[in-house]
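J.: Chains as they are written, first to last, in my numbering: chain A, 1 to 266; chain B, 1 to 266; chain C, 1 to 232; chain D, 1 to 255; chain E, 1 to 240.
Read the hints as simulated data drawn from the structure, not as lab findings. Yeah, the Cβ is synthetic: ideal placement off N, Cα and C, and Gly gets one too. Treat the hints with care, since some could be wrong.
Said to hold, decoys possible - Derived lysine-lysine pairs resembling DSS-like cross-links, with alpha carbons at most 25 Å apart:
1. A:95 / A:148
2. D:192 / C:11
3. D:35 / E:12
4. C:45 / A:132
5. C:45 / A:84
Stated by the list, open to error - Short, incomplete list of chain C residues facing chain E, as computed with Cβ under 10 Å:
6. 91
7. 116
8. 153
9. 155
10. 164
11. 196
12. 205
13. 208
What the hints assert, rightly or not - Computed far set for chain E versus chain B, every beta-carbon distance over 10 Å:
14. 9
15. 37
16. 38
17. 141
18. 142
19. 215
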Amino acid sequence: MVHEHSIEPATATVNRLSVRNIRKKFGSLEVLRGISLEAHDGDVISILGSSGSGKSTFLRCINLLEIADDGEIWVDGEHINMIKKHGRNVPASSKQVDHIRAELGMVFQSFNLWSHMTILQNVIEGPVHVLKRPRAECIAEAEALLEKVGIAEKRHAYPAHLSGGQQQRAAIARSLAMKPKVMLFDEPTSALDPELVGEVLRVMRSLAEEGMTMLVVTHEMNFARDVSNRVVFMREGQIDCTGAPAEMFSGESSPAFRQFIGNFRG
Amino acid sequence: MVHEHSIEPATATVNRLSVRNIRKKFGSLEVLRGISLEAHDGDVISILGSSGSGKSTFLRCINLLEIADDGEIWVDGEHINMIKKHGRNVPASSKQVDHIRAELGMVFQSFNLWSHMTILQNVIEGPVHVLKRPRAECIAEAEALLEKVGIAEKRHAYPAHLSGGQQQRAAIARSLAMKPKVMLFDEPTSALDPELVGEVLRVMRSLAEEGMTMLVVTHEMNFARDVSNRVVFMREGQIDCTGAPAEMFSGESSPAFRQFIGNFRG
Amino acid sequence: MDFVFILQTMKTLLAAVPMTLALFFLSIFFGGLLALLIVWMRVAKNPILSNFAKGYIFVFRGSPLLIQMFLVFYGLGQFGFIRYSFLWPFLREPFVCAVLSLALCTAGYTAEIFRSGLRAVPVKEIEAARSIGMSGFLLVRRIIGPIAFRHALPAYSTEIVMMVKSTALASLVTVWEVTGVAQRLISQTYRTMEVFLCAAAIYLILNFVILQAMALLEHRLSQHRRAAPRLS
Amino acid sequence: KDWKTVTITLEGAYAPWNVTNPDGTLGGFEPELAKYLCDQMKVECKLVASDWDGMIPALNAGKFDVIMDALSITEERKQVIDFSIPYANTHAGFATQKDSPLANAAGTGAVLKLTPGQTGIAEVEAMKTAFKGKTIGIQAATVYAKFIYDNFGSIATVREYKTGAERDLDLESGRIDLAFDDAVYFGTTFEKANGALVFTGPEFGGTIFGIGEGLGLRKADTDLKAMFDKAITAALADGTVKTLSMKWFKTDVSP
Amino acid sequence: MWIVEVLGFGQKGWGGLLVAGALMTLCVTIVALLIGAILGTLVAWAKLSGGGVARTLGNAYTTVFRGVPELLIIYLVYFGGSGAVSAIGRSLGYEGFLGLPSFAAGALAVGIISGAYQAEVYRGAYLAIPKGELEAAEAIGMHRSLLFRRIIAPQVIRFAIPGIGNVWQLSLKDSALVSVTGLADLMRTSQVAAGSTRQYLLFFIAGGCLYLILTSLSDRLFNRAERRANRSMPSSFGQA
Ligand SMILES: Nc1ncnc2c1ncn2[C@@H]1O[C@H](COP(=O)(O)OP(=O)(O)OP(=O)(O)O)[C@@H](O)[C@H]1O
Ligand SMILES: Nc1ncnc2c1ncn2[C@@H]1O[C@H](COP(=O)(O)OP(=O)(O)OP(=O)(O)O)[C@@H](O)[C@H]1O
Ligand SMILES: [Mg+2]
Ligand SMILES: [Mg+2]
């Protein structure tokens with residue numbers, strides 16, 4: 001267990017994802033105040049933290065939906081190039097942005113399925129139009145994926161006709177279809193009822209078992225404890241403490257984290 | 001603990017709410033297949049059940065947002081009169097419907113605050129315009145209520161400017177302002193994040209302590225176990241089993257219920 | 001009722017329907033293209049472009065089409081530099097001018113309609129697309145365009161119906177479509193009501209057909225909004 | 001019916017027959033003639049402006065009693081309204097740009113009196129060769145339109161305008177080569193064009209375009225027609241029409 | 001400098017008449033909008049809640065008055081309406097002509113058209129009210145008239161404001177057609193001035209500019225109303 005306020009050196013080796021000293025301000029509000037993190041092959045990292053601590057912003061900075069004011073990001077060893085424009089950080093190449101994003105799967109809290117497409121169309125959209133792969137091949141893979149997350153029979157339905165848990169699983173399938181190197185999950189279960197939570201967690205667990213690298217922002221302590229191999233606790237835009245779940249939940253953590261999990265009777 | 005498939009006789013005594021053999025079809029889909037229930041003064045009844053089992057429909061039938069095809073309802077001893085029109089059940093008197101509804105408070109899952117009114121205006125709307133009570137008096141009471149649910153400082157804000165938990169509490173205050181005999185809650189916490197859930201449950205708990213009769217459709221097992229004095233488990237439009245929470249959660253319940261709470265490690 | 005006269009009138013008016021339709025389709029087509037350009041400028045970050053688009057929309061929505069058409073047709077010809085430019089062979093033609101001013105006008109309206117469609121595209125669905133690596137034209141073509149178009153469709157149907165009626169003004173610039181022919185018939189026969197009722201019937205039928213077609217399109221594009229098919 | 005007041009309508013935008021002054025009052029040849037006629041008949045006249053498009057139906061609906069708007073007396077119009085005797089009869093002619101090759105066609109400056117149905121006129125035949133392939137602008141649905149179609153429809157492109165004013169703008173800009181219309185109307189147009197436009201070929205007069213311009217009246221009001229006929233006869237006899245005509249048209253349009 | 005003189009307010013200037021025309025246009029449009037508001041509410045109500053017959057009539061109204069050229073409707077009202085009034089007058093023993101005044105006929109005609117568009121606006125606005133808010137009102141025992149007055153009407157007005165702004169814009173321009181009734185509105189005044197002076201381009205441009213001024217004034221008014229009505233919404237909600 002480390003109290004992590006120092007900067008990790010980013011070694012561009014087998015690291016799937018490497019983030020160094022990310023900072024982000026919204027106006028005068030400093031939301032991220034220097035975050036560093038590394039994820040290796042097969043890592044499942046749970047990111048915990050109270051509301052407003054900057055968890056979503058952190059994920060959004062990684063896949064460049066927000067541009068960090070400062071810091072470095074490597075995805076699968078590739079460094080994301082930034083230049084300064086009018087005193088603000090902007091990506092040097094929008095081609096690289098698209099390409100990096102295609103390697104990072106993002107599953108949003110509110111699913112964000114495209115409402116004008118069926119589930120199958122949602123899933124093949126990226127492979128066919130972004131990766132420009134043959135349609136027939138993509139459909140076959142998409143059907144296998146939908147099978148895997150357990151909603152194959154809904155493939156011709158529109159998102160609005162699916163329950164929340166089904167939509168969430170469709171969103172996961174959509175991300176997986178891009179064969180990302182790393183998956184980012186933003187509170188994948190918080191809008192679901194207990195039964196649906198179970199379904200989604202089951203899918204994520206099987207992904208973890210297959211060795212997918214994942215960053216998961218979650219309020220599900222059970223998931224953090226039982227599935228992930230590392231827990232990161234964020235507080236006021238910084239990493240307050242991090243460590244293996246067994247250590248963290250057994251009490252060897254910061255006082256803030258102990259207070260945070262106070263209500264949790266695991 | 002009773003397996004409840006028989007019809008309870010409706011004794012019009014101190015029962016706040018009494019429902020006998022309610023049935024409801026949507027088209028060919030039989031959503032409620034004969035439900036009976038009694039709630040006495042101070043009862044807090046949790047209604048559990050998986051998605052689609054008819055919980056919401058049941059609450060909506062009680063306050064006549066849906067008209068049951070069959071069955072009897074008494075509110076505070078008063079029988080709701082129905083007549084047949086074109087072969088369908090309709091309330092005999094719309095005056096009675098308005099009057100009954102004023103005695104039943106309903107808190108919707110999606111709050112349904114009136115978006116064009118401030119929180120205070122939302123709360124006094126019913127007392128002033130439906131109960132026709134003096135405005136000044138209503139305002140004083142409303143402010144006390146808002147104080148009680150902890151959002152007094154937001155009274156001049158519009159619903160859209162409040163967080164989910166604040167909106168939910170405003171909706172509760174709006175219902176309470178009508179001084180209902182019975183409160184119906186439809187999943188009052190399912191759209192909230194874990195911290196807000198706590199706030200809302202705290203308010204409900206204090207209502208329970210004051211002796212308010214409540215029917216609560218919920219997914220919060222902790223609430224069902226710790227706050228309510230009776231648990232009803234619905235399954236496929238029927239009451240599968242019912243009983244005191246202690247008995248139900250300790251395993252003396254139907255196999256379906258045990259499976260339902262399987263994931264719950266209270 | 002003088003049926004012979006009405007029949008004769010109908011025959012005369014129907015002969016002008018192709019002209020009305022030609023004006024309509026061409027101006028809707030070019031107006032739509034222009035509207036896309038205007039709306040692109042309107043939402044652009046560049047203040048020069050967006051202010052130009054704002055001004056364009058203001059002028060063409062804010063003044064009567066009659067005046068616009070008059071100025072395009074009779075006004076442009078007053079300027080020597082236009083009369084001696086390469087454009088004159090085109091602008092000399094009344095039909096071209098009629099289509100041009102109809103298209104300019106509808107582009108102003110249509111741009112506003114498309115913009116409200118754009119505003120209705122959920123930001124989150126755009127983010128989802130970005131997060132799989134979509135950007136630029138691909139994003140517009142696959143996600144933003146279809147959603148915005150679907151949302152704009154009802155308002156756009158209304159605009160299209162108004163365009164059918166607006167073609168009536170083309171007789172001002174010597175393009176004789178249905179209303180112009182009707183007015184000419186009236187000044188020959190002085191039977192205002194009969195002739196106008198015939199014209200009205202033609203427009204009503206045209207618009208009814210167009211509205212039905214648009215409703216069909218709307219129906220086809222809103223599968224995802226309808227209730228799910230019953231699984232029985 | 002006892003006529004004490006009579007409502008007369010005119011367009012107020014057809015210089016120099018009738019115009020609106022910047023202060024909103026009506027002026028021109030017809031309002032001044034109307035004043036004389038009403039004084040003759042000892043009735044009070046009210047002049048109201050209204051739109052040309054709705055004039056004849058509005059007369060029959062009873063919105064006013066008389067139309068005085070350079071209304072040519074024609075058979076078609078006689079089917080729906082009645083006319084007084086004519087108070088003017090103007091010539092018609094071709095106009096073109098001053099430096100156009102079509103200017104100064106044979107017979108320019110002459111006046112040709114024609115009767116209805118007359119064919120084989122030498123001057124017209126000459127113009128047909130001169131105007132071959134050109135574009136002639138006319139005001140739609142006028143007596144002149146028929147004349148142009150009958151004589152030039154086969155050799156030239158005829159373009160119909162809703163109003164003469166629009167046609168004149170196109171003549172100036174060169175979209176059309178020739179225009180055919182009322183000669184006194186052209187008089188004002190030429191004045192505004194500062195000499196850029198001129199007549200070409202002879203002016204056409206006689207009864208070919210009808211017997212002239214008269215007042216439009218409802219068929220039922222025969223008594224009113226009789227009163228106006230009498231007043232117009234007087235105005236023609238004592239030279240009032242001629243005086244007003246010289247004032248406004250710089251030529252005599254008395255029938 | 002003759003332009004200044006011709007468009008000015010002096011003895012030879014048409015400024016006064018043009019401004020009077022603009023005011024007339026404004027009056028016709030305002031009255032038409034009010035007539036349209038009444039008709040539109042009735043038709044929207046018929047289309048939403050009426051039985052089969054009312055709904056069919058409502059649909060017919062909106063289809064016909066949106067689908068038929070405006071000019072024709074103005075003719076129908078102007079001449080047809082006068083005919084009707086005269087017939088009533090005659091049956092009461094009044095001889096002679098009893099017409100709808102030009103202003104009334106023009107405003108009524110434009111109002112009828114405006115009503116068809118407003119009906120659609122109100123219908124859309126009603127459908128935009130979250131269903132839950134209506135249920136919440138029913139659930140505390142509001143009866144229908146109270147529900148309409150307290151919950152539906154205020155929200156319909158709020159949602160309808162942008163749409164009404166568009167209808168206003170349409171009516172402003174439809175009112176240009178009432179000149180066939182002889183009403184000296186802005187369009188006809190421009191045409192009269194153009195015909196009397198033979199300065200067509202000048203007066204059409206002047207007329208166009210006056211229309212644009214009317215538009216920008218009313219735009220400002222509607223934007224303010226929209227902001228006011230949306231004060232209960234988050235600031236980003238659909239605002240321009
Ligand atoms: N686009 C933005 N503009 C301004 N402030 C923002 C923006 N996005 C987020 N913030 C602010 O940044 C802070 C962190 O937000 P963030 O969404 O990252 O929190 P979070 O940890 O994901 O919280 P939650 O658990 O509630 O989702 C919050 O105070 C939020 O108000
Ligand atoms: N208005 C309606 N028309 C047709 N079917 C309906 C209607 N309302 C509900 N249903 C159906 O009735 C069944 C029960 O619905 P209900 O909303 O009562 O379930 P629930 O127990 O509240 O579920 P949840 O926990 O998901 O809210 C569902 O299958 C639903 O599809
Ligand atoms: Mg978040
Ligand atoms: Mg429910």
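J.: Against the structure shown, which of the earlier numbered hints fail to hold, in ascending order?
T.: 1, 2, 4, 6, 8, 17 and 18
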